[in-house]
Amino acid sequence: MQTMPIGRAINAGLRAALERDPSVLLMGEDIGALGGVFRVTEGLQKDFGEGRVVDTPLAEAGIVGTAIGLALRGYRPVCEIQFNGFVYPAFNQVVTQLAKLRARSRGRLALPVVLRVPFGGGIGSVEHHSESPEALFAHVSGLRVVTPASAHDAYWMVQQAIASPDPVVFLEPERRYWDKGEVDTALAPADVTPLHRARIARAGEHVTLAAHGPTVRLALEAAEAAAADGTSIEVVDLRTISPLDVDTVAASVQRTGRLVVVHEAPVFGGTGGELAARIAERCFYSLQAPVLRVGGFHLPYPAARAEEHYLPDVDRVLDAVDRSLAA
Amino acid sequence: MQTMPIGRAINAGLRAALERDPSVLLMGEDIGALGGVFRVTEGLQKDFGEGRVVDTPLAEAGIVGTAIGLALRGYRPVCEIQFNGFVYPAFNQVVTQLAKLRARSRGRLALPVVLRVPFGGGIGSVEHHSESPEALFAHVSGLRVVTPASAHDAYWMVQQAIASPDPVVFLEPERRYWDKGEVDTALAPADVTPLHRARIARAGEHVTLAAHGPTVRLALEAAEAAAADGTSIEVVDLRTISPLDVDTVAASVQRTGRLVVVHEAPVFGGTGGELAARIAERCFYSLQAPVLRVGGFHLPYPAARAEEHYLPDVDRVLDAVDRSLAA
Amino acid sequence: MSESPVPAPRGPGEPGGMVQLLTPEGRRVEHPGYEADLEPEELLALHRDMVLVRRIDTEATALQRQGELGLWAGLLGQEAAQVGSGRAMRPQDHAFPTYREHGVAWCRGVDPLGVLELYRGTSHGGWDPVAHGFHPYTLVIAAQMLPAVGYAMGAQRDGAVGTGDPDRDTAVIAYLGDGATSQGEASEALQWAAVYNAPLVVLCQNNQWAISAPVSVQARVPLHRRAEGVGVPGVLVDGNDVLACLAVTRAALDRARSGGGPTFVEALTYRMGAHTTSDDPSRYRSAAEVDLWRAKDPVERFRRYLLDEGILDAEHEAALEAEGDELAERLRAGVRELPEPGPLDMFDHAYAEPHAQVAEERDAFAAYLATFEDTATAGGKS
Amino acid sequence: MSESPVPAPRGPGEPGGMVQLLTPEGRRVEHPGYEADLEPEELLALHRDMVLVRRIDTEATALQRQGELGLWAGLLGQEAAQVGSGRAMRPQDHAFPTYREHGVAWCRGVDPLGVLELYRGTSHGGWDPVAHGFHPYTLVIAAQMLPAVGYAMGAQRDGAVGTGDPDRDTAVIAYLGDGATSQGEASEALQWAAVYNAPLVVLCQNNQWAISAPVSVQARVPLHRRAEGVGVPGVLVDGNDVLACLAVTRAALDRARSGGGPTFVEALTYRMGAHTTSDDPSRYRSAAEVDLWRAKDPVERFRRYLLDEGILDAEHEAALEAEGDELAERLRAGVRELPEPGPLDMFDHAYAEPHAQVAEERDAFAAYLATFEDTATAGGKS
Ligand SMILES: Cc1ncc(C[n+]2csc(CCOP(=O)(O)OP(=O)(O)O)c2C)c(N)n1
Ligand SMILES: Cc1ncc(C[n+]2csc(CCOP(=O)(O)OP(=O)(O)O)c2C)c(N)n1
Ligand SMILES: [Mg+2]
Ligand SMILES: [Mg+2]
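Chains as they are written, first to last, in the numbering used here: chain A, 1 to 327; chain B, 328 to 654; chain C, 655 to 1036; chain D, 1037 to 1418.
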């Protein structure tokens, strides 16, 4: 067991992948000497060389597009998109090529490409740095979308993503990079939770709270606060957005009869709607209250000093929990 | 009253807008002499000149990006994206600039830009020509997303979209371009249904069927077939995807107690999930069955000869209706 | 004001001018720096390629009219550019095509029926991209460019560039059209290729039209100048001259394989037919223009040369005609035999590993389909 | 092989070479085709701009350290490029900036506090883009380029180009960095500007770095050559020479306004400070390099020239110092006064007309907030 922040855990996971598999390479802006703006790739270029940790031109379409070509040639590129709002120049390559080439070639081509995208807000940053675009990737078939909420998951999930023969969008919760946690680096791969399995982060009885990435800690804080008032909240860390582990959530809701979904992305058209729709269908007879969603508003991400109002917080989560329990 | 196909109705609507407002201009690939690959702009360059009906270079980012600049200068550009699958090169301009510039300037800038995007399948076309990307636009705040299902709506909605001070993604149901319908061109603008209002396309009692664009006709056919077996289906033509007219659907569901949502887009992460989640919440106590969704599968759009299997059809819709009624 | 001037166009003959080795009349001419001294058999092989490729095109067009294909994007007029560049490739090279490179597919040993699969709509393409070094057709304009650069960067990483071993050194050809040069990704690809000195040849078939848009809608200066802006040499070649296309592409590929870096080749040619079978060119271009180019027909031009040289004779041509008939017959029969996709096939290829929602949808759909079989016997939908 | 050759770099002095009118030592030199014969008052005004703009930068950096700003992107070293180009604009011209054009904002009469709003995080920018002809800062690299071209196309449509009326003819400047030239949209914008002959000047401040990436990561040839590839003249100018930047931008803007079309200006300068206050340049560049450029300091260079010419004197400088102190004081006080966004403000600007879901969310949020007020008195959350 080692204790490390999430950012470092991803760094350690990338290091392990680079050591294990010579076909793995990292590509991105400022990931070399600088170690990335979040220092997630710190020290990797020094240790693995400029050939395997590549500082690219300032062009996301180029990063993803050439990564696709490298993957076709047998490499496993891991692309860093510097911030969530900068992934759109690459969107055409992601949707048109990365997601579809396998189907277009009837399975003859594999695209083991990972897109690392820091996402979410709460770091007081300027616009385009704090968005949560997961719904846009989840709706695109051919992609897998995952996000870790703990250091342990960060360390292992990034390696599982790199090992996947399918393209994976790996969303990194920006404001949690510095959150410390225990990482069991000694686990045998077989003993690691599969990439597309959700996790009960806290057991509870009265209501289920489903969260992913940065809102998992928020959900746990809400559960802690609610416990004081005698409300027992079960927190599910979804971990995977595409596919969704609906079974784990449904099993929880069958016990609690109530579900609140929390994410930072705008609620309208967000991934919470898909989960809510599936649970409302699967658990129609066990739901004692409507599934409620707490998240960002249907607005462009606001200026830094307004984000505290925009982002879901413990009070807004508890308000939804109260409404769910009151129903 | 005039009878015309949907494609012609859009053409007539564009013509009316070009005549009414000199700041309106059309931009796109092959929209001039050719009249567009679907002939929607046929004759307009001849009548309004190359200055107002502009054949652009083959670059969607350029089309949308320069349209944004033209709008900032006081024009009302109407951009044609030749096919749904070709909108992604423009996605960065749509998400980063078109959707956000108003909020970024605290309302000081207006972006009256219309993006015309033919969408949906069923025309036996090659890949990238038959996709339904509405969910990707609906989740982007700052945009409005609408789609007509009848010639009458096509004629008026395109004019309302052009008149809107906000950017509008105007989705045109590809395989319905040739569907004829009555158009009341004589209506006073005030008497026209507002752009963001849904419409009861067929009244019914037992179950509500919500559809938009190309699936509205499908829903009506299903309703007709069901009527024979004594099942009375109410069909709601959503017309607007962002915002969603949840009130109209909820009012219908409060009567019928049942809802089935149909669209061609993949169900997973599709707009049906948002509608289902909202109705399941709003109508929790009046719903007698889980909200069911019928749509495309979570797969890249298949080759033309497989699309009959991929696309929802009357049987699949009726199967869902049966399951809803059986619950 | 003083600024770095835009270089003036250069004429044929002079360095940087259009490379031509065969005049439209089929007369052999020289261009400094480019040889194409081929053996008679090689010349006949090129002629055979062009004739058969044109035959495939004719046949496919007919099959579309008969409703056997949903669509066809013809290559009529572009045989020289495609066969010349395709035959310049070595087995280990890779091509990233658009949707019109049927002639290159032929040179890469792809069964034309594999191409017809896409246009019939039974699949998105029926060949193995790796086995043929010929990647899937790309319908989204210019989207193949950056992956092509990445693939070339991969070859470089593998040490398959500049070793001097002709069977190892590898280069990539990325095909694109004149209209495609307007996509930002096309420029981005050129720049990445320049920055990484990738073993890439960009083969731009400037066939004068992007559906209804003449090339003047796309650019104010010759397309190959674009490349110079990022430090990539641009070459202009007569795209209806198979010898010139072969020589220029060979030189560019050799340069790439040896580590010399990327080259942009603009092949001046003409789309003699419609954009696709759904297009009606009479709406946007004159018959006179088409006639003008018909006089430069790449196949006829090369044929005349071979006849004058006494390399080709009536006997050869008769044999080739017969071979074409056979091929056509095989296509006509084969296209009808192409397996129809089953309702569940599409679920097999979206992901390499299971995806819960896809699996769920597949199972539900299979169960749903089964109800028809049951009820078919039971008589009608319950 | 013969191909259109990549032109060799050109030196200062010769046509197409780097335009310089002031040596790093502050000596006035000539460059064919460019004049900057300004009155003493005009020269002093330029000097004042540069000094005050630098003062704004210094102050903002300090305010960030004190926690009053969340971030600051400094312009230290780029004062000449920004003031020179900014002062070349006429009132009716429009600028599309990146996030670093504080000097241009100053020239456009934008209150520096409006810029600080963005970096403090109280808004995305506090000025009226139309009133100042200065559009919102764009943080997504190169995303301002195509809208800038479109705006220029709009001016053209309005008949505000080539009329000869100096108060009517309009041009647009699009600013971008060296790294930004790698974005496909930047190339696409150049091409559209070329195709439509738009009244556009692309002002590229090549400050040698894109965060940690030296310009060599972005390109193999000088950036202004990019433009030549699409037929747009490229001009290289000493970006630390305010007279040269003024003269070159003026000439380019005049050309654009008169209908002569777009120009790409590469201003060679240097980002003397960190990329932003969150950056640590010591990780990727040497102090020696920074010293090298400090010797070319644009403000000091111009000051020396004015002193030598006897245009500037101690008195002037003292007055300017005092003016700077006042300005700084105003910023220090003003930044703390900037209104904090209320919880419901953000709902006002996403759409011009009501959006059902936004309205619903706003009402629900307002009601939710109200519960705290109620319960605040009632004591604690129920
Ligand atoms: C991104 C994108 N936009 C638009 C289209 C529609 N489209 C298909 S082919 C074509 C013209 C292509 O012209 P060119 O690049 O010259 O190739 P050619 O067809 O002449 O071989 C267009 C506009 C597309 N396929 N992809
Ligand atoms: C599309 C996009 N990708 C990445 C970034 C992150 N980023 C911000 S500034 C910057 C470097 C820009 O360099 P340059 O264009 O030279 O401008 P400079 O900062 O030197 O003024 C990068 C990579 C961004 N803002 N937008
Ligand atoms: Mg063409
Ligand atoms: Mg820079």
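The hints are simulated quantities; they were obtained by calculation from the structure and are not laboratory data.
Glycine included, every Cβ here is placed at the ideal spot set by N, Cα and C.
There's no promise every hint is true.
[Claimed, not checked] Computed, partial: chain D to chain A, Cβ under 10 Å:
#: 1; residue: Y1155
#: 2; residue: R1156
#: 3; residue: S1159
#: 4; residue: V1166
#: 5; residue: I1177
#: 6; residue: D1316
#: 7; residue: W1329
#: 8; residue: G1378
#: 9; residue: A1386
#: 10; residue: H1391
#: 11; residue: R1398
#: 12; residue: A1406
[To be verified] Computed footprint of chain A on chain C; a stretch qualifies when at least three of its residues, placed anywhere within it, have a C-beta under 8 Å from a C-beta of chain A:
#: 13; segment: 799-809
#: 14; segment: 840-848
#: 15; segment: 960-974
#: 16; segment: 992-1004
#: 17; segment: 1008-1017
Comparing the hints with the structure gives:
1. Y1155: With Cβ-Cβ at 7 Å, under 10 Å, it holds.
2. R1156: The hint holds - D/R1156 has a Cβ within 10 Å of chain A, the shortest such distance being about 7 Å.
3. S1159: holds (5 Å)
4. V1166: violated (20 Å)
5. I1177: holds (6 Å)
6. D1316: holds (8 Å)
7. W1329: violated (19 Å)
8. G1378: D/G1378 check passes; min Cβ-Cβ to chain A is 8 Å, inside 10 Å.
9. A1386: Since the shortest Cβ distance to chain A is 5 Å, the answer is holds.
10. H1391: Given a least distance of 7 Å, the restraint on D/H1391 holds.
11. R1398: holds (8 Å)
12. A1406: Interface hint status for D/A1406: violated (12 Å vs cutoff 10 Å).
13. 799-809: The restraint on the segment 799-809 of chain C holds, since 11 of its residues have a Cβ under 8 Å from chain A and three suffice.
14. 840-848: holds (count 4)
15. 960-974: violated (count 0)
16. 992-1004: holds (count 4)
17. 1008-1017: holds (count 4)
The earlier numbered hints that this structure contradicts are 4, 7, 12, 15.
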